[in-house]
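Novice: In UniProt numbering, the protein residues as written are 1 to 133.
Some hints could be false.
[Said to hold, decoys possible] Within a straight-line C-alpha distance of at most 20 Å, the following computed SDA-like cross-link-like pairs (lysine to any residue) qualify:
| hint | residue 1 | residue 2 |
| --- | --- | --- |
| 1 | Lys41 | Arg77 |
| 2 | Lys124 | Ala83 |
| 3 | Lys57 | Asp89 |
[What the hints assert, rightly or not] Here are the computed distance ranges between Cβ atoms for each label pair:
| hint | residue 1 | residue 2 | range |
| --- | --- | --- | --- |
| 4 | Thr73 | Gln114 | 30 to 40 Å |
| 5 | Met43 | Arg109 | 13 to 23 Å |
| 6 | Glu25 | Lys128 | 36 to 46 Å |
| 7 | Gly51 | Asp88 | 14 to 24 Å |
| 8 | Arg52 | Thr97 | 18 to 28 Å |
| 9 | Asp88 | Arg46 | 31 to 41 Å |
| 10 | Ser21 | Ala111 | 15 to 25 Å |
| 11 | Gly51 | Arg90 | 35 to 45 Å |
Keep in mind the hints are simulated off the structure, nothing from the lab.
Backbone N, C-alpha and C fix where the C-beta goes; we use that ideal spot for every residue, glycine too.
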Amino acid sequence: MQVKMRVNVSAEAFYHVLVQSAMDEIKQVTGRTVDEARLTKGMTYRKKSAGRSIKVKIGKLVPNRKYTAIFVTVFSRLTFTYAFEPIDDRSCTITYTQDYLGPGSMDEREAAKQVRKTIRDAEKRIRKKQSGK
Numbered sequence: 001m002q003v004k005m006r007v008n009v010s011a012e013a014f015y016h017v018l019v020q021s022a023m024d025e026i027k028q029v030t031g032r033t034v035d036e037a038r039l040t041k042g043m044t045y046r047k048k049s050a051g052r053s054i055k056v057k058i059g060k061l062v063p064n065r066k067y068t069a070i071f072v073t074v075f076s077r078l079t080f081t082y083a084f085e086p087i088d089d090r091s092c093t094i095t096y097t098q099d100y101l102g103p104g105s106m107d108e109r110e111a112a113k114q115v116r117k118t119i120r121d122a123e124k125r126i127r128k129k130q131s132g133k
């Protein structure tokens, strides 16, 4: 599945939100503090969701250009990538790609709808923070 959207925030700001979210989750589930410089490709941690253990692996990271993460359970593997194309210093195009391997299939229309909502919500939070409100 792929979703491509233009957002009115910089690639740098959106990338930073994703990285900060990963660092916050690592702190929450492991108790370890990881700074952005130590968040690197291949880093792994485990978390629980809906009673299942999920191995999270950080994939390719290219500052302000690409963020990839892989979620692995006993039954499935989900890889997602955010790729950023700066338009100017206040906007960018985000291409979100998701690959699912496992039993059954995902409802791609519903998943795409949720991804669009997630991206728009993040855009609103970034803009609100930037405006100081």
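Novice: Evaluate each hint against the coordinates.
Specialist: Each hint, compared with the structure:
Of the supplied pair hints, the one linking Lys41 and Arg77 holds, its CA atoms being roughly 17 Å apart against a limit of 20 Å. Among the hinted pairs, Lys124 with Ala83 is consistent with the structure: their alpha-carbon atoms are about 19 Å apart, no more than 20 Å. Distance hint between Lys57 and Asp89 is unfulfilled; the C-alpha atoms sit about 30 Å from each other, more than 20 Å. Taking the beta carbon of each, Thr73 and Gln114 are about 19 Å apart, not inside 30 to 40 Å as hinted.
Distance hint for Met43 and Arg109: a CB-CB separation of about 32 Å, inconsistent with the stated range 13 to 23 Å. Restraint check, Glu25 to Lys128: a C-beta distance of roughly 22 Å breaks the suggested window 36 to 46 Å. In this structure the supplied range 14 to 24 Å is violated for Gly51 paired with Asp88, their Cβ-Cβ distance being about 45 Å. Taken as a hint, the range 18 to 28 Å holds for the pair Arg52 and Thr97, whose Cβ atoms sit roughly 24 Å apart.
Between Asp88 and Arg46, the C-beta spacing of about 40 Å keeps the proposed range 31 to 41 Å intact. Taking 15 to 25 Å as the suggested C-beta distance range, the pair Ser21 and Ala111 conforms, at roughly 19 Å. Evaluation of the 35 to 45 Å hint for Gly51 and Arg90 yields a pass: the beta carbon distance comes to about 42 Å.
In terms of the numbered hints stated before, the structure departs from hints 3, 4, 5, 6 and 7, listed from lowest to highest.
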